[in-house]
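Undergrad: Here are the chains, one letter per residue:
Number of protein chains: 2
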Amino acid sequence: MCPAKVSDHAERGYIIPIGGGERKVHTSAILTRFIKLCGGSKARIAIIPTASRLVDTGDRYRDVFEEIGVASADIVTLDERSDCEDMIKLATLEKATGIFMTGGDQLRLATIIGGTSVARLMRRANAEGIHIAGTSAGAAFIPEHMIAFGRGGATPKGGLATLAPGLGLTNKVIIDQHFRERGRLGRLLSALSYNPFGIGLGVDEDTAAFIGPDDVIEIVGSGGITVIDPTGLEHSSMADVSRGKPVCLIGIRLHILLDGGRFDLSTREASPSSG
Amino acid sequence: MCPAKVSDHAERGYIIPIGGGERKVHTSAILTRFIKLCGGSKARIAIIPTASRLVDTGDRYRDVFEEIGVASADIVTLDERSDCEDMIKLATLEKATGIFMTGGDQLRLATIIGGTSVARLMRRANAEGIHIAGTSAGAAFIPEHMIAFGRGGATPKGGLATLAPGLGLTNKVIIDQHFRERGRLGRLLSALSYNPFGIGLGVDEDTAAFIGPDDVIEIVGSGGITVIDPTGLEHSSMADVSRGKPVCLIGIRLHILLDGGRFDLSTREASPSSG
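If you read the sequences in order, they're chains X and F. Here the first sequence is numbered in full-length UniProt numbering, starting from 1 and rising by one per residue. Here the second sequence is numbered in full-length UniProt numbering, starting from 1 and rising by one per residue.
Treat the hints as calculated values from the structure; they're not laboratory data. The model shown is predicted, which means the values in this text are computed figures rather than measured ones. Hints may contain errors.
Claimed, not checked - Listed next, the in silico BS3-like pairs over lysine-lysine satisfying Cα-Cα at most 30 Å (straight line):
(1) Lys172/X - Lys24/F
(2) Lys245/X - Lys24/F
(3) Lys245/X - Lys172/F
(4) Lys24/F - Lys42/F
(5) Lys95/X - Lys36/X
(6) Lys245/F - Lys24/F
(7) Lys95/X - Lys42/X
(8) Lys36/X - Lys5/X
(9) Lys245/F - Lys172/F
(10) Lys24/X - Lys245/F
(11) Lys89/F - Lys36/X
(12) Lys245/X - Lys89/F
(13) Lys42/F - Lys89/F
(14) Lys24/F - Lys89/F
(15) Lys36/F - Lys89/F
(16) Lys95/X - Lys24/X
(17) Lys24/F - Lys36/F
Said to hold, decoys possible - Just a few of them, taken from the derived set where beta-carbon distance is under 10 Å, the chain F residues facing chain X:
(18) Ala91
(19) Thr92
(20) Glu94
(21) Glu144
(22) Ala148
(23) Phe149
(24) Pro156
(25) Gly159
(26) Glu234
(27) Ile250
(28) Leu254
(29) Leu258
(30) Ser273
Don't be surprised by glycine CBs; every beta carbon is placed ideally from N, CA and C.
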C-alpha cells in the first residue's frame with residue numbers, strides 16, 4: 001500500500017481529498033480547478049462511484065464535468081472485486097488524465113478495490129502525473145492509513161477511530177472529512193495518536209486540499225481545513241487507556257486554514273491566504 | 001475586574017473551575033480535594049447558588065459538604081443585586097475558608113454579582129488565601145473574560161463566542177465547561193482568537209482544574225482538560241471574517257490532560273500524570 005515510486009523524469013500528480021458536500025455545479029471552484037489541472041477541455045476523467053450505493057452518483061459528476069467542458073467523462077463501475085481486473089475498465093482508467101472517486105462508504109472502496117489491479121494502476125498513474133481526487137469516503141480512502149469509522153466528538157478517546165489500509169497514494173497524511181460539520185477532531189486526534197508519524201487533515205465540506213507534487217497543500221473551497229501536526233508530540237497515553245476513555249496528548253500543533261491557505265508537508269509550515 | 005493584588009505576606013487561594021456534572025457524593029475526588037484545601041473538618045464553606053434557577057441547588061452541595069465533614073456549610077442566597085450589599089451575607093462570605101459557586105447560567109452570576117461588594121470581597125478573599133471553586137456556569141464566571149454564550153462545534157467561526165466581563169479572579173485563562181460533552185472546541189478557539197493573550201481551558205464534566213497560588217494547574221477528575229495555548233499564534237483572521245464564517249488560525253498548541261496532569265500557566269509547559 002506504499003505510494004508508487006515517482007521516476008526521475010516524472011512528477012507526481014495532484015492528490016485531492018475533498019471534504020464531501022461540494023457544490024456539484026459547473027461553477028464549483030473545486031471541480032473546475034480539478035478539471036483545469038487534468039487538461040481542461042482535453043481532460044479525460046474516469047469516475048469511480050464504488051463508495052456509493054446510489055445508482056446515479058456517477059451520473060451527477062459526469063454531468064457536471066461535461067458541463068464544465070472535458071474531452072470525456074466515463075463512469076467506471078466497480079461493484080465486485082472481479083470488476084477491478086476487467087481489461088476494458090482498466091483501459092478506461094489507463095487513458096484518464098484525472099480520476100475522481102465519489103462519496104459513500106470508504107470500506108466499500110477498500111474492500112472492493114484494495115489489492116486489485118485498479119488499486120495498483122491508480123498508485124502508478126498518480127506517480128506518473130495523473131491527478132486523483134476523492135470526495136468524502138473517496139477522500140478518506142486516499143492515504144495509506146484510512147479512518148474506516150469512528151464516532152464524532154471534540155476530544156480523543158481510546159479506540160475512537162478505527163484505521164484500515166487505504167489506497168496508499170500518500171503516507172504523509174491521515175484524512176477526515178465532513179470535519180467541522182460532524183465534529184470529528186477527537187476522531188482525527190485519536191487516529192494520529194496511535195502512531196503520530198503523519199499530518200492530520202480535517203477537511204470541511206465543500207473544501208479540498210490540493211496536495212501538489214511538491215507536497216505543498218493548497219486549500220480551495222468555502223470551508224476550512226484543520227491541520228493537526230503531531231511533530232512536537234511529547235506524550236500520548238493512547239497505549240494505556242481502555243476503549244472510550246479519554247487520551248492524554250501533550251504538544252499537538254493545530255492550524256485552521258481557509259481558501260488560499262497553504263501547508264507544506266515537508267517543512268510543516270502553514271501560511272494564510274495571501275488575498 | 002482585575003484580580004486583587006496579593007500582598008507580600010499572603011499567598012493567593014486556589015481557583016478551581018469544575019466542568020459541571022461532577023459527582024455530588026462524599027467520595028467525589030473533586031469535592032473532597034476542595035474541602036481538604038479549605039481546612040477539612042475546620043472548613044467553613046459558603047455556597048453561592050445564584051447561577052441556578054432551581055431552589056434546591058444550594059441544598060444539594062450543603063448536604064454533600066456536610067457529609068464529607070466540615071465545620072459549616074452555609075448557603076448565601078444572592079437573587080438581587082441588593083442582596084450583594086447585605087451585611088449578614090457579606091459576613092458569612094467573610095468568614096468562609098472556601099467559596100463554592102454552583103452551575104446554572106453564568107449571566108445570572110455576572111448580572112447579579114458583577115460590580116457589587118460580594119464581587120470585590122471574593123477577589124480580595126482569594127488574594128488573601130481563600131479558595132474559590134465554581135462548577136459549570138460557576139467555572140465560566142471565574143476569569144476576567146468569561147464566555148457568556150455561543151454554540152458548540154469543533155472549529156472556530158466569526159462571532160461564535162460572546163465574551164463578557166467575569167468575576168476576575170484570574171486574567172490568565174478563559175474557561176469553557178461541559179467541554180467534551182458539548183463539543184466546544186470551536187467556541188473556545190473563537191473566544192481566544194479575538195485576543196490571544198491567555199490560555200484556554202476546556203474543562204470536561206466531572207473534571208476540575210486546581211489552579212494553585214503558583215499558577216500551576218493540576219487536573220482532578222474522571223474527564224480531561226483541553227489546554228489551548230495560543231502563545232505561538234502566527235495568524236488569526238478573526239478581525240476579517242463575518243459572523244458565522246470560519247476563522248483561519250495558524251500556530252495553536254493543544255494539550256489534552258487527564259487526572260494528575262499539570263500545566264504551568266507561567267512557563268506554559270504541560271506534563272502528564274506521573275502515576
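Undergrad: A separate judgement is required for each hint: does it hold in the structure or not?
TA: Quick rundown of the hints versus the structure:
1. Proximity of Lys172/X to Lys24/F is assessed by CA-CA distance (about 46 Å); at most 30 Å being required, the pair is judged violated.
2. For the suggested pair Lys245/X and Lys24/F, the alpha carbons sit about 21 Å apart, so the restraint of at most 30 Å is met.
3. Using a Cα cut-off of 30 Å, the hinted pair Lys245/X and Lys172/F holds, with the two alpha carbons roughly 29 Å apart.
4. Using a Cα cut-off of 30 Å, the hinted pair Lys24/F and Lys42/F holds, with the two alpha carbons roughly 20 Å apart.
5. Note on Lys95/X and Lys36/X: the hinted pairing holds, with a Cα-Cα distance of about 17 Å set against a maximum of 30 Å.
6. Our distance criterion of 30 Å between C-alpha atoms is broken by Lys245/F and Lys24/F, whose separation comes to about 40 Å.
7. Restraint check for Lys95/X and Lys42/X: the C-alpha separation of about 12 Å stays at or below 30 Å, so the hint holds.
8. Between Lys36/X and Lys5/X the CA atoms are separated by roughly 25 Å; this keeps the pair inside 30 Å, and the hint holds.
9. Straight-line distance between C-alpha atoms of Lys245/F and Lys172/F comes to about 27 Å, which keeps the hinted pair within the 30 Å bound.
10. About 21 Å separates the Cα atoms of Lys24/X and Lys245/F, which keeps this hinted pair within 30 Å; it holds.
11. For the suggested pair Lys89/F and Lys36/X, the alpha carbons sit about 72 Å apart, so the restraint of at most 30 Å is broken.
12. Of the supplied pair hints, the one linking Lys245/X and Lys89/F is violated, its CA atoms being roughly 43 Å apart against a limit of 30 Å.
13. Between the alpha carbons of Lys42/F and Lys89/F the distance comes to roughly 20 Å, so the proposed pair stays at or under 30 Å and holds.
14. The straight-line distance between the Cα atoms of Lys24/F and Lys89/F is roughly 25 Å, inside the 30 Å bound, and the hint therefore holds.
15. Using a Cα cut-off of 30 Å, the hinted pair Lys36/F and Lys89/F holds, with the two alpha carbons roughly 24 Å apart.
16. For the suggested pair Lys95/X and Lys24/X, the alpha carbons sit about 24 Å apart, so the restraint of at most 30 Å is met.
17. Taking the CA atoms of Lys24/F and Lys36/F, the gap is about 16 Å. The hint holds against a cut of 30 Å.
18. At its closest, the beta carbon of Ala91/F sits 42 Å from a beta carbon of chain X; the interface hint therefore is violated under the 10 Å criterion.
19. Below 10 Å, beta-carbon pairs count as interface contacts, and Thr92/F has none with chain X, the closest being about 38 Å; its hint is therefore violated.
20. Taking 10 Å as the C-beta contact cut-off toward chain X, the hint placing Glu94/F at the interface is violated, the least distance being around 39 Å.
21. The interface hint given for Glu144/F is broken, as the beta carbon of that residue sits about 25 Å from the closest beta carbon of chain X, more than 10 Å.
22. A least Cβ separation of about 20 Å between Ala148/F and chain X goes past the 10 Å threshold, and the interface hint is therefore violated.
23. With a cut of 10 Å, the hint placing Phe149/F at the interface with chain X is violated, because the nearest CB-to-CB distance is about 18 Å.
24. Taking 10 Å as the C-beta contact cut-off toward chain X, the hint placing Pro156/F at the interface holds, the least distance being around 7 Å.
25. The criterion of a C-beta within 10 Å of any C-beta in chain X is not met by Gly159/F, whose closest approach is roughly 16 Å, and the hint is violated.
26. This hint holds: Glu234/F has a C-beta 8 Å from the nearest C-beta of chain X, less than the 10 Å allowed.
27. Interface restraint check for Ile250/F: the shortest CB-CB distance to chain X comes to about 5 Å, inside 10 Å, so the restraint holds.
28. For Leu254/F, the shortest C-beta to C-beta distance to chain X is roughly 4 Å, which falls under 10 Å, so the interface hint holds.
29. Because the closest C-beta pair between Leu258/F and chain X is about 5 Å apart, less than 10 Å, the hint holds.
30. Among the interface hints, the one on Ser273/F holds; its C-beta lies about 7 Å from the nearest C-beta in chain X, closer than the 10 Å criterion.
Hint compliance for this structure: hints 1, 6, 11, 12, 18, 19, 20, 21, 22, 23 and 25 are not met, and every other hint is.
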